[in-house]
Amino acid sequence: MTFVPKPRVHHPLLDVNEIGLKRRDYEAAVSTLCAGCGHDSVSAAIIQACSELSLPPHRFAKLSGIGCSSKTPSYFLGNSHGFNSVHGRMPSVATGANLANRDLIYVGVSGDGDSASIGLGQFVHVIRRQLNMVYIVDNNGTYGLTKGQFSATNDRGSVSKKGVPNLYAPIDLVSMALQLGASFVARSFSGDKQQLVPLLKAAFLHKGFAFLDIISPCVMFNNHTGSTKSYDYVRDHLEEVVRSNYIAPRDEIEIHYEPGTSKKVQLHDGSQLNLTKLSESYDPSDRIGAMSYVQQALADGVVVTGLLYVEEDINECHDILQTIRQPLNQLTEDALCPGADKLKKINNMFR
Amino acid sequence: MTVFNEFTIRFANVNGSGSASANTMFAKALFRMGIPVSIRNIFPSNIQGLPTWFEVRATEREFFGRREHVDIMVAMNAETYEQDVASLASGGYLLYDSTRSIPSELQRDDLELIGVPIMRLIHPEFTDPKQRQLFKNIVYVGVLSALLNMEFDVLTNMVSAQYRGKDKLIQPNIKALNLGRQFAETYLSCPIDIQVRRTDAVGDRILIDGNQATALGCIYGGATICAWYPITPSTSVAESFERHASRLRIEPETELKKYVVIQAEDELAALGTVIGAGWNGARAFTATSGPGISLMNEFLGLAYFAEIPAVIFDVQRAGPSTGMPTRTQQSDLLSVAFASHGDTKHPMLFPSTPTECFDFAALAFDLAEEIQSPVVVMSDLELGMNELTTDELKWNDARTYRRGKVLNAEQLEGIEKFGRYLDKDGDGIGYRTLPGTHRDKGAFFTRGSSRDEFAVYTEDPGAYTRNMDRLLKKWETLRSLIPEPVFQNNDSNYGIMYYGTTATPMNEVLSILKDEGFEFDTLRIRSFPTGNEVLEFINCHDLVFLVEQNRDAQMKMLLVNDLNIPVEKIYSILYYGGMSISVDFIADRILRILNELKVEVHS
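The listed protein sequences correspond, in order, to chains R and Z.
Last residue of the first sequence? That's 351 in our numbering, and every number before it is there in order.
Last residue of the second sequence? That's 1603 in our numbering, and every number before it is there in order.
Take the hints with a grain of salt, since some may be wrong.
In the SDA-like style, the derived pairs of lysine to any residue whose C-alpha atoms are separated by at most 20 Å in a straight line are [as the list claims (entries may be wrong)]:
1. Lys342/R x Lys1175/Z
2. Lys263/R x Ile288/R
3. Lys344/R x Ser1098/Z
Residues from chain Z that face chain R, not an exhaustive set, calculated with beta carbons under 7 Å [said to hold, decoys possible]:
4. Tyr1081
5. Leu1207
6. Glu1251
7. Gln1263
8. Glu1265
9. Gly1276
10. Tyr1401
11. Thr1446
Think of the hints as simulated: they come from the structure by calculation, not from any bench.
Yeah, the Cβ is synthetic: ideal placement off N, Cα and C, and Gly gets one too.
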């Protein structure tokens, strides 16, 4: 962990965003993770994305399971409620929270142990439900808090710090999310802020289940030669296939187009996502094509990153369930209790 | 001598043959003639083919409990003839299909045999094999209507009402009823010595099962989120909630729903969803049974320690493990009371009737939010799945939901420093805030790990101990919020304590014991923890029977642990065979113990 406290005093000229908040208003407690941990870069990217989008911090609800990754909601958005639940069960808690109040922004932070092993069932089913949330997996291929056991996302043959090779095939959460119908699927790398921040912005504004698998190396237990989740290995094998640029509705569309074909995606709040395909053969609106591309890349040992799939205008969980517009947690007796007269009629059904 | 409105009839059928609806129609017809009834559907864990029994007790004396022997047996399942004949009381009536010759198992000298050639009656009238099967059941209801002197138009009206809109089903059903009735009137001596006659003994009561009443209690109690995983015998709680909510909880302008039902991937996710909703300020519940409780342990511990309201309905069945999924027991008390690792305890409510299922369901949501902790309503298969004559459901429109200590934005403005786990009122219950309430005040981190008064993670022994002690203080506060026991005073030196469905046979047990010269005071426990009334009851009686439907005297263990009761005074009466505990069993065991102790008969 870092022992350097954050300065209490801010530079008076520090930028404020459109709702008058400074970046500091999106920060939280000092991280207790190891110095250099990829997870802290993810937290920093979340802070930057939320601040730049001018989203009110108190309208977020942060949820997590158990593990290093699941500690991180303490380290961003200090003015929002957080819920550090139990190992692998964040998706069900997020489901209940979201059903109770559809008006908040739900961000779940999980890890590869939390989502790909103990919580795999819950991970699968929250996607099936199309819960409107951002689901981040800080993926380091290892169990950090218990000191370096392999997780289920670790590649076969990848070597532990003690030199022992992993014997089992990896679970690829991106492939699963694509197959299960997630409407927003991305992979990124904690060391690539330029890619990560726009992806997070797009995810926060996406209506539906937005999944981000973020390779986030563990500096203590999985950053050595022979590991396929180390900073060096990921940098060497990374291939960005789709670059995303978030365009707010109020911004003039004056964006520098990257070479290659590009595609605009209209987000539900009127903003736009500009996707630049860096690979000619890749179409981020084609789920089956994306699945096949990702499978081929896995076979070739390439870590494809970027916004791999996005589909707007889908029916999220509340649409599917046909719940009322007003959050259920705001309903009072008047709306909920049918009353004594009605009960008399109900009694008659049982006579 | 003719007996009116007092008998038990058992139908022995094959599961999946459509018998349950015919048998229910028979029971409901008695109820509509004003006779109080209790129903027991004794069914296998199977969809088709295995034996099933359906028992109806008609009782103007209000003796709703199960008896070991029945007065009338409708023996429609050849596979169980022997057992069915054995279950008849001496002098009882055996109704059987005489299309084939009488099987030797049916021979018993002390029975009245009533042979009706049901298949032969049906054969020329119906050609469809499925109809032949279904109407067999309706024919014996027709026969019974004549034998017992039932009002026939009550039955025909029920058929008409049941198939309204599917009119072409009405005539064949009435034809089948008539086939049976006319055969009986022509060839049998009708009515027999057991008869029914119209009365107003039912009054304004209703005939409903506990699970449906529970579901209605959830609707009236303001539940908006039901998350569940199918498991017998609790399934109909969630399904009834959805059915009733789809009429009672629709926003008229939009036709959108003011409720949600989530069929989760397992019981863990079901309770997780409830906890997420409770954390976010909605009233949420799950319904399950013992195996589900085992899976929910982890989340129960979280909700206890993180202090989140949650309502759980445990419709108990016979354990351990898969046990007997379609048989009843009160055997989850210990596993619920202390569910999850570490020092935990959870309050339980024990309804005895469907009416109490309704009341306790609504109450559970108030309690859970007041104490910010899970509340478990302990029903069982006997109560949940069987219809019973019970007081009509009542609601006072002046009643408001008690939402507990939740701070709104305005209240937060007035607070210098918010501390989620501060004990401001000295009752062990802190003030909570809901996500999204205030721009920069009241946010905190909910966690299953140790924290201080301001919700900051800590491993400090002092802070941890203060927190655990505050949770104990909350437990004491709870004692004044839960339903007190029901005391019945007969100025006796001897007491009987019971809870849940063990109450059903108790009035008849007391009547039998009185005939033997013994009177008892009774105490019906309705919650765990209890108030001090239980200790006082035990202290002021020479001996106390505690009747339970489990092997290990689980309520006794809880009371010893919670109240330090004098165990030497307690005599456990324990039945755990999976049927509902019978009148005969309780009376017999109590008399046997009184005899062993050489307790003298009153006056």
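For each hint, the structure was consulted:
1. Lys342/R x Lys1175/Z: Not satisfied, since the Cα-Cα distance of roughly 37 Å exceeds 20 Å.
2. Lys263/R x Ile288/R: holds, 18 Å
3. Lys344/R x Ser1098/Z: Answer violated: Lys344/R to Ser1098/Z is near 46 Å, above 20 Å.
4. Tyr1081: Violated: closest Cβ of chain R sits about 35 Å from Tyr1081/Z, beyond 7 Å.
5. Leu1207: With a minimum Cβ separation of about 6 Å from chain R (threshold 7 Å), the hint on Leu1207/Z holds.
6. Glu1251: holds, 5 Å
7. Gln1263: violated, 10 Å
8. Glu1265: Since chain R brings a Cβ to about 4 Å from Glu1265/Z, closer than 7 Å, the hint holds.
9. Gly1276: holds, 3 Å
10. Tyr1401: Constraint on Tyr1401/Z satisfied, holds at 6 Å.
11. Thr1446: Hint holds; Thr1446/Z Cβ to chain R Cβ min 4 Å, cut 7 Å.
Hint violations for this structure: numbers 1, 3, 4 and 7, all remaining hints satisfied.
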